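Residue numbers for the sequence shown follow the working numbering, beginning at 1 and rising by one.
Think of the hints as simulated: they come from the structure by calculation, not from any bench.
Values in this document were obtained by computation on a predicted structure and should not be read as measured data.
Heads up, the beta-carbon is just placed ideally off N, CA and C, and yes, glycines get one too.
Check before you lean on any hint, since a few could be wrong.
[Stated by the list, open to error] The calculated label-pair distances, taken between Cβ atoms and stated as ranges, are:
1. Thr66 - Gln123: 34 to 42 angstroms
2. Gly172 - Pro98: 23 to 31 angstroms
3. Leu105 - Glu69: 40 to 48 angstroms
4. Ser43 - Ala111: 37 to 45 angstroms
5. Ala76 - Asp178: 22 to 30 angstroms
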Amino acid sequence: IAESIETHGGAAFDRVHMQWDFRGIPFEVARDNGRFRYQRTVSDSLGQMIVEVMENEGSWTEVEGTRHELDPRSRARLETAVNSVVYFGFLPFKLDDPPVRAEDLGSTMLAGQPYRKIQVTFQREGGGPDWEDRFIYWFHETDHTLDYLAYREAADVETTRFRQAINRRQVGGVLVQDYENYSGDPNVGDIAT
Numbered sequence: 001i002a003e004s005i006e007t008h009g010g011a012a013f014d015r016v017h018m019q020w021d022f023r024g025i026p027f028e029v030a031r032d033n034g035r036f037r038y039q040r041t042v043s044d045s046l047g048q049m050i051v052e053v054m055e056n057e058g059s060w061t062e063v064e065g066t067r068h069e070l071d072p073r074s075r076a077r078l079e080t081a082v083n084s085v086v087y088f089g090f091l092p093f094k095l096d097d098p099p100v101r102a103e104d105l106g107s108t109m110l111a112g113q114p115y116r117k118i119q120v121t122f123q124r125e126g127g128g129p130d131w132e133d134r135f136i137y138w139f140h141e142t143d144h145t146l147d148y149l150a151y152r153e154a155a156d157v158e159t160t161r162f163r164q165a166i167n168r169r170q171v172g173g174v175l176v177q178d179y180e181n182y183s184g185d186p187n188v189g190d191i192a193t
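Can you build the whole structure from these sequences, using the hints too?
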């Protein structure tokens, strides 16, 4: 994990400012040595622009430039929606956070290439609302890039996904990539195999 984080940009992730669209929704991420601001911009049914903001001091919305505080349930929904896109967008960063529990599942070949397969789960304390989710990451053994991942969400209805990294490029010192996203067959079984 540490080698992959370094390959994907290492310390550059600590000072980054990026904007992108995800499924037609603009996202913006600013990080500056521990300070952060994540936001996405959506429009409501009346066509008003709503900026949903997460930063060190908390989360809120800005409707047509006016700040609005959120009740705990709305804040949790906003943080889950925004943070999950940022989390996937910047993998493998954050895989060295304290709540992460990594288990080496050994070496394997995938598409004719050598990979190290790592399972990641999270401690309940500090692991966020989705702490029971389970991930498998395939790190290229010589290039140290994160090329594939699979995950199972521990929601009311379990879903399994498999993603393949594509369109890898350097942006501001950080190696970013898009993913092809595949749904899993619910009858496949354990993602670790």
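How the hints compare with the structure:
no.	hint	result
1	Thr66 - Gln123: 34 to 42 angstroms	holds, 38 angstroms
2	Gly172 - Pro98: 23 to 31 angstroms	holds, 26 angstroms
3	Leu105 - Glu69: 40 to 48 angstroms	holds, 44 angstroms
4	Ser43 - Ala111: 37 to 45 angstroms	holds, 41 angstroms
5	Ala76 - Asp178: 22 to 30 angstroms	holds, 28 angstroms
The structure shown violates none of the earlier numbered hints.
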